[in-house]
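Chemist: Sequence:
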Amino acid sequence: MKIASFNINGVKARIGALTEWLDEAQPDVALLQEIKSVDEGFPRELFEDRGYNVETHGQKGFNGVAILSKLPLEDVRRGLPGDDSDEQARWIEATVVGDSHAVRLCGLYLPNGNPAPGPKYDYKLAWMERLEARARALLADEMPALMAGDYNVIPQAEDAANPKAWEEDALYLPQTRAAFRRILNLGFTEAFRARTQGPGHYSFWDYQAGAWNKNNGIRIDHFLLSPACADLMTHCEIDKEVRAREKPSDHVPIWVTLAA
DNA sequence: ATGCCTGGCGATGCCAGA
Numbered sequence: 001m002k003i004a005s006f007n008i009n010g011v012k013a014r015i016g017a018l019t020e021w022l023d024e025a026q027p028d029v030a031l032l033q034e035i036k037s038v039d040e041g042f043p044r045e046l047f048e049d050r051g052y053n054v055e056t057h058g059q060k061g062f063n064g065v066a067i068l069s070k071l072p073l074e075d076v077r078r079g080l081p082g083d084d085s086d087e088q089a090r091w092i093e094a095t096v097v098g099d100s101h102a103v104r105l106c107g108l109y110l111p112n113g114n115p116a117p118g119p120k121y122d123y124k125l126a127w128m129e130r131l132e133a134r135a136r137a138l139l140a141d142e143m144p145a146l147m148a149g150d151y152n153v154i155p156q157a158e159d160a161a162n163p164k165a166w167e168e169d170a171l172y173l174p175q176t177r178a179a180f181r182r183i184l185n186l187g188f189t190e191a192f193r194a195r196t197q198g199p200g201h202y203s204f205w206d207y208q209a210g211a212w213n214k215n216n217g218i219r220i221d222h223f224l225l226s227p228a229c230a231d232l233m234t235h236c237e238i239d240k241e242v243r244a245r246e247k248p249s250d251h252v253p254i255w256v257t258l259a260a
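Take the first sequence: its position 46, counting from 1, is numbered 46 in UniProt numbering, and each next residue is one higher.
If you're looking for bench data, these hints aren't it; they were derived computationally from the structure.
Take these hints with a grain of salt, some might be off.
Below, simulated PhoX-like cross-link-like pairs (lysine-lysine); rule was C-alpha separation at most 25 Å, straight line [unchecked claim]:
#1 K2 - K240
#2 K36 - K12
#3 K36 - K240
#4 K36 - K70
#5 K240 - K12
#6 K70 - K12
#7 K36 - K247
Let the hints inform the model, and build the full structure from the sequences given.
Modeler: Written out as structure tokens, the structure is:
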């Protein structure tokens with residue numbers, strides 16, 4: 001089972017890039033972030049025509065997440081628990097049943113948090129506390145589970161081409177990285193780092209200042225796997241070349257395969 | 001030190017992104 005995550009930076013602006021990638025990468029499941037669309041405006045037929053079931057959790061203008069899946073999506077839940085007043089669409093989860101295992105799939109778009117300090121950074125840290133609580137509950141369920149998406153977290157210096165430039169940034173502040181580590185330390189495996197070590201691996205390049213041409217990137221899109229899910233992982237890769245195409249997102253897809 | 005580029009909204013520049 002191939003499961004991909006992709007921050008597409010606007011589904012309507014990315015119809016060409018998104019369908020081209022889907023047709024060639026052929027993921028069984030795609031977790032999408034930043035659809036920037038309300039549910040009624042999501043071009044679901046485009047994906048249904050390709051054999052995908054579609055579940056969205058959108059809002060007007062910003063944010064928004066979706067799941068495309070060739071397998072039926074069961075027990076779909078929208079919104080990260082823990083704050084009923086939070087109106088930002090950043091979390092969706094569902095269960096898929098593979099040949100040998102059912103897997104709980106969570107798609108997330110973690111808040112950016114800039115500028116820090118400030119209310120946006122407070123919201124980011126509070127959101128990460130709620131994420132930790134949900135992560136604990138997923139472990140307690142014992143079903144193989146993963147949480148994938150745009151974490152807006154640079155975990156280590158090696159995950160940025162120029163880490164010095166990020167020292168005051170909400171993506172890399174010590175408190176941000178500590179909150180990310182607390183979730184890993186519950187027992188989650190960061191899929192990419194379980195397979196690939198060393199610097200030079202990125203998932204985002206800014207549109208500005210020639211970041212792509214200079215390979216001035218950061219690695220902020222991640223898959224976190226529960227122990228039962230990590231046991232099933234066979235591959236984890238980043239589709240870097242997607243960033244060089246026409247009218248690209250500023251993020252590229254990351255994917256895992258599971259023996260599920 | 002700041003903007004660089006892009007999408008969305010909606011009609012004009014501004015906000016948000018990272």
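Chemist: Now, for every hint given, state plainly whether the structure supports it.
Modeler: Status of each hint after checking the structure:
no. : hint       : verdict
1   : K2 - K240  : holds (17 Å)
2   : K36 - K12  : holds (8 Å)
3   : K36 - K240 : holds (23 Å)
4   : K36 - K70  : holds (23 Å)
5   : K240 - K12 : holds (22 Å)
6   : K70 - K12  : holds (21 Å)
7   : K36 - K247 : holds (16 Å)
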